[in-house]
Amino acid sequence: MARGLWWIGVAFVILSVSLALWGVGHAGRVDVAAPREAINYAGNHTTLWGKIAALAHFDVIKTTEPLTCSDGVANFTCLLSKTDVRPILSALSKAGVKAEAREVGAEWVLVLYYNYTTAQWQWKNHTVIKAWELTWKNQTVKVYQTNIKKSLGEMLRLKERISEKFLIKGELKNITLVGAVLESLVVGTSNGTLGRVDENARERIRKKIREIDPEVNVEIAHIEPNTVQNRDSVFRPLVGGVKIATMWTTDIRPNSTNCTLGFVGRWGDTPILTTAWHCIAWTYTAKTQGSAYIYQPLASSRYLISSDLAATCSYIWESENKLIVTCDIIPMRLSTSYEPKVFRPDTSTTFGQVVTKYCKYDVSTMRVLAKAGIKTDVTKGFIKSYNVDVTYRNQRWGSRTFDVVVKYLVSTSIYVEPGDSGSPVFTYEGSADRLGAYGIVSGRFMLFNIFFIESYVQNLCDLPFIFDPTR
Amino acid sequence: MKVKLIIIAVVIILFSLLAIYLYLSWGCRLEIDIKCFDTVPGEGDVWSPCSYDGDVKIEPEIPLNWAGDRFTCAAGGRVGNKTYVVLTRTVQVYSLTYTPFSYEDTARCYCAKHPLNCIRAETLPIYVAKAVLVVDVNSGTGYLGIVYTYPPRYSDVVFGNDGVYLALRDVWVVREIAGDHISNCFYVVKVRLERERLRLGQPINRTSGVFIKIPN
Chain A
195 MARGLWWIGV AFVILSVSLA LWGVGHAGRV DVAAPREAIN YAGNHTTLWG KIAALAHFDV
255 IKTTEPLTCS DGVANFTCLL SKTDVRPILS ALSKAGVKAE AREVGAEWVL VLYYNYTTAQ
315 WQWKNHTVIK AWELTWKNQT VKVYQTNIKK SLGEMLRLKE RISEKFLIKG ELKNITLVGA
375 VLESLVVGTS NGTLGRVDEN ARERIRKKIR EIDPEVNVEI AHIEPNTVQN RDSVFRPLVG
435 GVKIATMWTT DIRPNSTNCT LGFVGRWGDT PILTTAWHCI AWTYTAKTQG SAYIYQPLAS
495 SRYLISSDLA ATCSYIWESE NKLIVTCDII PMRLSTSYEP KVFRPDTSTT FGQVVTKYCK
555 YDVSTMRVLA KAGIKTDVTK GFIKSYNVDV TYRNQRWGSR TFDVVVKYLV STSIYVEPGD
615 SGSPVFTYEG SADRLGAYGI VSGRFMLFNI FFIESYVQNL CDLPFIFDPT R
Chain B
446 MKVKLIIIAV VIILFSLLAI YLYLSWGCRL EIDIKCFDTV PGEGDVWSPC SYDGDVKIEP
506 EIPLNWAGDR FTCAAGGRVG NKTYVVLTRT VQVYSLTYTP FSYEDTARCY CAKHPLNCIR
566 AETLPIYVAK AVLVVDVNSG TGYLGIVYTY PPRYSDVVFG NDGVYLALRD VWVVREIAGD
626 HISNCFYVVK VRLERERLRL GQPINRTSGV FIKIPN
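Quick note, the sequences are listed as chains A and B, same order.
So the first sequence is numbered by this note's numbering: it starts at 195 and just counts up by one.
So the second sequence is numbered by this note's numbering: it starts at 446 and just counts up by one.
By construction, these hints were calculated from the structure, which means they are not laboratory data.
Accuracy of the hints is not assured; some may be wrong.
[Unchecked claim] Per label pair, the in silico range of CB-to-CB distance:
1) Ser542(A) x Thr652(B): 54 to 60 Å
2) Thr479(A) x Gln647(B): 46 to 52 Å
3) Pro648(B) x Ser531(A): 42 to 48 Å
[Claimed, not checked] In silico DSSO-like cross-links for lysine-lysine, where the CA-CA straight-line distance does not exceed 30 Å:
4) Lys527(B) x Lys635(B)
5) Lys569(A) x Lys502(B)
6) Lys558(B) x Lys516(A)
7) Lys480(B) x Lys502(B)
8) Lys353(A) x Lys256(A)
9) Lys569(A) x Lys558(B)
10) Lys635(B) x Lys449(B)
11) Lys318(A) x Lys343(A)
12) Lys363(A) x Lys343(A)
Ideal placement from N, C-alpha and C gives every residue a C-beta, glycine not left out.
Starting from the given sequences, assemble the full structure and let the hints guide the process.
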């Protein structure tokens, strides 16, 4: 029995010594378990800092996201790290990146971040324990070991918990956003006004988050996300280039169309909107007497923007079924606020300010004209002819069907489709957000209704009064 | 030899024209049953507003130029032991022919019908009309017509003992895509609704008048 115990003791000693020796042998080696998902994610990133952050995203390493940093002399991209550089190099190596690290001297580093509470960009000073410059394929990035409380992966895990509980399951009401920025958790709430968060809501949110993580820094902001505006959205103040619905009464029934709002501006001191006259089916002539209503964007009483005619161009009924007009533009008095702007006059900008107006011959055939319409958005072209008389056949107003001859339209190569009637046509005045008002879209010519030949534009100076689209 | 060449050229031209015509007129005639209803004196109950937020499947499919909205319930009620519902949805109409189909179909069929008129200038508004779909919920039989501007509201529909009475003016359909309007007529279709998403009101007042009566 005693002999048996002696052998067990020897075996225990051997095992202990082996384990101790294995531990000494591996003391200088850092082995990072990197899941395939993280390796793939890092592989899809092309920059060195992107690959490091991608690994941190999956909590393989303990760094932050890439940051804009400064040493007081120059700005550069850096990452802050909870650990020294070895786990980073090891994980990068597993992702196929053989980066080289060189230790550099630094006692502090400034990091730029967006402070959601004050709604400002700010620099924050971090004390540096150690710093390295990592190099890979001519790319360099600095990594600073600092006393950050949480790495990117840890912040994202916390964000997931908060998001699930408060944003998705709605355990806290009116939460509109949950995000992670550096070491801070950002929580957006709709409880507040004009960017200021309601104090009770702020305390309630802080308390709830502290119950989950008492240490994390929380920024609470008044954020009410809006869907991206498009031409169908409601615009108040009103601007040009947006969807309008029209309605007009006739001898038999009311009718309705969707068109594009042209320019808004003034006739003397009277606020005016413009769109194509045919969008209200040539209402207001001697044989088409009815009332017209303009809505933005939908035909509903709460969206009414005008029901009051300002003026018509001169016209003559040559016969029972032929109307001759000197313009295809209808100015109506506005009953809502407006700004002399055009919505998305170019794909690169949201609003364009109308800074000048051009009469017909002010724009040469060499100059680019553009239009902003609800169907074909922004299209551009050139003037082909300054003076064309066009017949629009089969126009209908109530029980009446007639042809309309519009005199002195401008023909252009700007592409248009149904729905673009009334669209503002303009020049760019040095930049995409400064516009010169030229006219509105009237119609187009199609060959066999398949091939687009040209579009027709009504110049603003053909109105029977001086219209100012700049104020 | 010269005569032979001329004959071949003429035959080729005629065949080309025929091919173009066949292409343009392909599918212009709608193979959908149409039923026209009389305007008759009637009496019945107006039901309070209803709601429906489910899908609506219509067979055969009619290639209407639907706008982005969904069918909504304008009126619903009972006729004897049957449930009827009146649904509406927006359709877009182009001034080329004032018919509610896509611009491409409308333009193609218009050119097949009026080849000399299809080289022309046109204005570019989009007219707004409403499809009116009267459905016998029990059998799934539906009647689909088009009206301009004012779709029926619950107060425009009367549920009588022998049918649904519509206080509508000028409901129309077309037999072909670029065709003329036929008044007081509807397409006859089969309709599948999600019945559990339909909420009916209740009778609120009795009324009489002259209406379009469905079914006859």
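Evaluated hints:
no., hint, result
1, Ser542(A) x Thr652(B): 54 to 60 Å, "58 Å, holds"
2, Thr479(A) x Gln647(B): 46 to 52 Å, "48 Å, holds"
3, Pro648(B) x Ser531(A): 42 to 48 Å, "46 Å, holds"
4, Lys527(B) x Lys635(B), "16 Å, holds"
5, Lys569(A) x Lys502(B), "28 Å, holds"
6, Lys558(B) x Lys516(A), "23 Å, holds"
7, Lys480(B) x Lys502(B), "20 Å, holds"
8, Lys353(A) x Lys256(A), "16 Å, holds"
9, Lys569(A) x Lys558(B), "27 Å, holds"
10, Lys635(B) x Lys449(B), "56 Å, violated"
11, Lys318(A) x Lys343(A), "15 Å, holds"
12, Lys363(A) x Lys343(A), "28 Å, holds"
Violation of the numbered hints given earlier is confined to hint 10; every other hint is satisfied by the structure.
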